[in-house]
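Undergrad: Next come the chains, spelled out residue by residue.
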Amino acid sequence: MARIGVFVCWCGSNIAETVDVAKAAEVIAKIPGVVLSVDYKYMCSDPGQEIVKQAIKEHNLTGVVVASCSPRMHEKTFRKAAADAGMNPYMLEMANIREQCSWVHDNKKDGTQKSIDLIRMMVEKVKRNKPLQNIKIPVTRKALVIGGGVTGIQAALDIAAGGVPVILLEKDMSIGGHMSKLDETFPTLDCSQCILTPKMVEVAQNPLVTIMTYSELEKLEGFIGNFKATIRKKARYVDIDKCTGCGTCWQKCPVKVPSEFEQGLGVRKAIYIPFPQAVPSRPRIDAENCLKLKEGRCGICAKICPTQCISYEDKDVLIEEEIGAIVVATGYQLMPTSAFGEYGYGKYKDVVTSLQFERMVCASGPTLGDFQRPSDGKKPKTVVFVKCVGSRDPAHYYSYCSKICCMYTAKQTMLFRHKVHDGNAYVFYIDIRSNGKNYEEFVRRAQEEDGAQYIRGRVSAVYQDGEDLVVEGADTLTNSQVKIRADLVVLATAMEPPKGIKELAQKLGIGYDQFGWLTEAHPKLRPVESATAGIFLAGCALSPRDIPDSVSEASGAAAKVLGLVSKDELEKEGVVAKVREFSCTGCQNCIRVCPYTAISLKDIRDRAGNLIRQVAEVNPGLCTGCGTCTPSCPSRSIDLQGFTDDELYAEINAMAELI
Amino acid sequence: MNYAYYPGCSLESTSPDFNESTKAIVDFLGLGIGELPDWVCCGASSLHPSDKLMSLALPSLTLESANKEQKDIMVQCPACYAHLREAQEALSHEGHEKDDLVQVIGRDVPAKMKIKHLSEILLNEVGIPALQEKMVKKLEGIKIASYYGCVIVRPKKLMKYDDPENPMVMDQLVSATGAQSIDWPFKTKCCGAGYSISKTEVTLDLTYEILSQAKKNGAEAISVLCPLCHINLDLRQKAIEQRYGEKFNLPIFYYTQLLGLSFGLDPKKLALDRLFVNPFPLLKSKGI
Amino acid sequence: MQINLSKDVDLLQFGKVLKQESETDVRKCYQCGKCTAGCPLNYLMDISPSQVIRFCQLGIKEKVLNSKTIWFCIFCDTCSTRCPQEVDIKGVMDGLRRMATREGVQPKAQVRNLEKAFALMIKMFGRVYEPGVVAGYNFMSGNLFHDVILFPLLLIKRKINLKPHFKKAGEIRGMFKRAEKVRKERASEKGKEVVAHE
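Residue numbers (this note's numbering), protein chains in the order written: chain A, 1 to 659; chain B, 1 to 288; chain C, 1 to 198.
The following block holds chain A by itself, in its conformation from the complex (with noise of 0.2 Å):
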């Protein structure tokens, strides 16, 4: 028999101004079932709660329904409550007489008597709810960092300190990412790698990390606290363990090439590491540009090395990992000067990006420091800096702001300065965008003290004009046509989501933005989540950002991973569906319409071992309830708990007034 408990909330006045509670509770106390009907100005407070706790227990109540907000609000805080008082959680439904009545009418007549159709209607699906358990599945402690920049690492660090192993990979043969790349960093005009290559020699000699570079993700199984992923290890020709990193080899190799590292400004070698401090310092072959494995010749390497760690015949090795929890960690690229037609196209040698200026002006760069430009080494004495190259241009590139260019166009007119002080630094602006701690001091500190021009205009076209480049912007401020013969030309161009990515998150089973910007469950609340459970986002793979906020959200990520491997247990709501193997065929449309791949075929056999039939079995662990596999079987042999055709058509009955 039914002993049904009825509280219909005031929520002060946001119910109770177009709904009559009092008149709802007594209406509602006359329907078959309902032992108890009341009403309360705030339910969701402590002693709202207590009301309910005492009312499941002084009156034997079988079921609950609490009329107020919407569930997303307090279905948790209700149901704990009545898991408090004894009873299991699922008998307790909420009727939403707030969002979906009282805020949407302002007629108290029609208010009252919706709210009174809608809880009635919750009243028959709890007379048919049936009680359910919460789903434990066991979680593997283990992490996987996606992405070996300063936002991989750090989420590394993290998750180690944690005591949790954590697997960093990378794709490229050394960690660091584009910090590595950098001369000083804003605001505090740090050498950029005296500050990241601690940290990369930390996270080397942290025995819970493990480090594996030029390797990729193949292939991601399972769910949260429980995947397997298979990565590939690269051929790199060289056995990372027994090379020391004595660096014979790249001394002798004959091949150069344009050094990725340098941004193309430098050369490196066929068998090269991609800078001194990379991490691990070990070389792998450039299989495209080394005479041994493209036309069989030379071979110098292999013959020097002197611990023989050298090998042509390398392939690459697929490794599996069980992984608990995924922080994707995948950074950016710049776009290229080629990209723009009113630049040139990428053919003026002068005419660069600012990761190449970075290369040029850093001491450890492939000029040493020696700030020359690179068509004919000359020491520019007018650089005109450009921003928004690419950004904020709908009509022919991307609609979005890159967010750290304003800053670092002004830290690189004062990286200028200080190398040619008596050069002249000009640069092109729509605005200024310096909003962090710290920041708009540091720009006008480079307007005011270092001596740059800023200059509000876009630039409409650079070209080359016999040794110089002659650059066509405006000056919106004063309403003028401004042209500067420049030596050097830096465009801040657009960063962009590294080449890949759309493969990975699709890999991973993870949602992108039009450009390829990885997306946040939530963008304000549940920033370092994607939406699919147990794997995190952090830094530039979602959208530009900067060092200082890409660190945070590594630190978050981090502790994100760790909350979910702490437990030994994962809990889940019991809301899935269930097969009633009895009546079912084994047609498979469940299984085919599944989003979550959560059904799969189970066989049935005798106790000889023969096969008797197939029919459908959902994995708890990977069903969501979303329901789409219910409608689906044509002999409604699958149901979503919680949520059953049973409970639902109750539901739609009262509505109709037809129970």
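Keep in mind the hints are simulated off the structure, nothing from the lab. Model, not experiment: these values are computed from the prediction. From the three backbone atoms N, C-alpha and C, an ideal C-beta is built for every residue, glycine too. Just so you know, not all the hints are guaranteed correct.
[Claimed, not checked] Only pairs whose alpha carbons sit at most 25 Å apart, straight line, appear in this in silico BS3-like list of lysine-lysine:
(1) B:Lys112 - C:Lys168
(2) B:Lys157 - C:Lys177
(3) B:Lys98 - C:Lys19
(4) A:Lys349 - B:Lys216
(5) C:Lys116 - B:Lys199
(6) B:Lys156 - C:Lys19
(7) B:Lys216 - A:Lys483
(8) A:Lys76 - A:Lys136
(9) C:Lys157 - B:Lys238
(10) B:Lys157 - C:Lys68
(11) C:Lys157 - B:Lys269
(12) A:Lys233 - A:Lys502
(13) C:Lys68 - B:Lys199
(14) A:Lys378 - B:Lys216
(15) B:Lys114 - B:Lys160
(16) A:Lys403 - C:Lys68
(17) C:Lys177 - B:Lys98
(18) A:Lys483 - B:Lys215
(19) B:Lys114 - C:Lys168
[Unchecked claim] Only some residues are given here: those of chain A computed to face chain C with a beta carbon under 7 Å:
(20) Ile430
(21) Glu472
(22) Asn479
Got chain A; can you put chains B and C on it based on the hints?
TA: Then chains B and C, alone, in the frame of chain A:
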């Protein structure tokens, strides 16, 4: 090839050299493109700012003629190209503009034909290998700056011709003849054609920039595809030299004349003798 | 200059009319100045192209309709092609010229004379009769000897046709009349008086 040739008013009067060299190479290649009968003025740039309806109505008459002949249209003048396209756009989209236009013309005009510039047809439909087969004389050793002007490349959505920042269609045709088509930044900078008559000094200033930059990048001659650009660069070159005190001596060729030379056609037939800046000394010095 | 947004301007009205004339929304402009930067005629203009758009955004039409700028635009489309927000600045200049003509502003601009001469030739002959255009222009602008030196040069090179072609002139004249009628109808719908072109 189902094209009919629409020369436009300029080619008939002040730019007969373009017209004749066009006809010469079209005949030589046996493309079977005859002149479109019954064409009228396209309205050019002068009608457009004051009487938008007429600027769309006039080219519509030409579209109607092409439709009657069941032919696609081949153009040489970029302005005609632009206005034919605009009229085609206006006639293709239902709405107030189309209704007004139909009222002015007095009837609806079907406008589904292709409209293409001869340079596109030569590059994409005839193809460089086919052209090179017919070449008997290579124009080797000449450095030529290919100058497109502003109309044929902009607006990109309307013209659909080539990249507005660095087009290569004419460059490829010029290179095919064996000449060196130099890389230079002012391929699509405006020469000031619109003000050739009403604000001539402006035109001189703008055209000077183009001549100057071409020379700075090592050009010995300029190849053009627009009759108005040609007038400014060729006819007015002397006036520019006087105004700025600089000597250029840059012959201005139509790309059709260059192709014609490589096919071995008679220079008189290509109207090379009607250029104001004498091209013959340069050609002789390169052995052509 | 002083702007009293509560009194002086006709904001919404101007923006709407401009949108019809030029099919572009000036509100998209965020004043980056790229149009001004690349404009080859900026050196002759009194207000820059981006300034024109700004005044349009504020609805201060007297400033733009009375400017020299709209008459110096050469319609090379460099501005619209490079604008990051796809504002058709060239279309705005075009629309403003038509508005200026309709409202009787600047009827003496030299360019207008050329347009008039051009249109006259088309009406008479159906195709442009170049000597007629130049002669007409010189006469209307009061500079009878402009470019006159070119005449014999062109004759020598046989680049000028002394004989005009006649093509569909009658039909075209009819079209001009009908176009004027349609324009008058449209303008009266908008509630503005129209100034006939010829």
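Undergrad: Are glutamate 472 (chain A) and chain C close enough, Cβ to Cβ, to be under 7 Å, as the hint says?
TA: With Cβ-Cβ at 5 Å, under 7 Å, it holds.
Undergrad: Does lysine 114 (chain B) pair with lysine 160 (chain B) here, judged by a C-alpha cut-off of 25 Å?
TA: holds (12 Å)
Undergrad: Between the alpha carbons of lysine 114 (chain B) and lysine 168 (chain C), is the straight-line distance 25 Å or under?
TA: holds (24 Å)
Undergrad: For the pair we were handed, lysine 116 (chain C) and lysine 199 (chain B), check the Cα-Cα distance against 25 Å.
TA: holds (15 Å)
Undergrad: For the pair supplied as a hint, lysine 157 (chain C) and lysine 269 (chain B), is the alpha-carbon distance within the 25 Å limit?
TA: holds (14 Å)
Undergrad: Check whether the Cα positions of lysine 349 (chain A) and lysine 216 (chain B) lie no farther apart than 25 Å.
TA: Measuring from Cα to Cα gives roughly 18 Å; hence the hint holds.
Undergrad: Within 25 Å, alpha carbon to alpha carbon, are lysine 233 (chain A) and lysine 502 (chain A)?
TA: holds (20 Å)
Undergrad: Does lysine 157 (chain B) pair with lysine 177 (chain C) here, judged by a C-alpha cut-off of 25 Å?
TA: Violated, because 32 Å separates the two Cα atoms, which is more than 25 Å.
Undergrad: Verify the proposed pairing of lysine 156 (chain B) with lysine 19 (chain C), using a straight-line Cα cut of 25 Å.
TA: holds (21 Å)
Undergrad: Does isoleucine 430 (chain A) pass the interface hint, meaning its C-beta sits closer than 7 Å to a C-beta of chain C?
TA: With Cβ-Cβ at 5 Å, under 7 Å, it holds.
Undergrad: Between lysine 68 (chain C) and lysine 199 (chain B), does the CA-CA distance stay at or below 25 Å?
TA: With a Cα-Cα distance of about 13 Å, the restraint between lysine 68 (chain C) and lysine 199 (chain B) holds, given a limit of 25 Å.
Undergrad: If you take the shortest Cβ to Cβ gap from asparagine 479 (chain A) to chain C, is it below 7 Å?
TA: Cβ of asparagine 479 (chain A) sits 4 Å from chain C, so the hint holds.
The structure fails to meet hints 2, 10, 16 from the earlier list, while all remaining hints are met.
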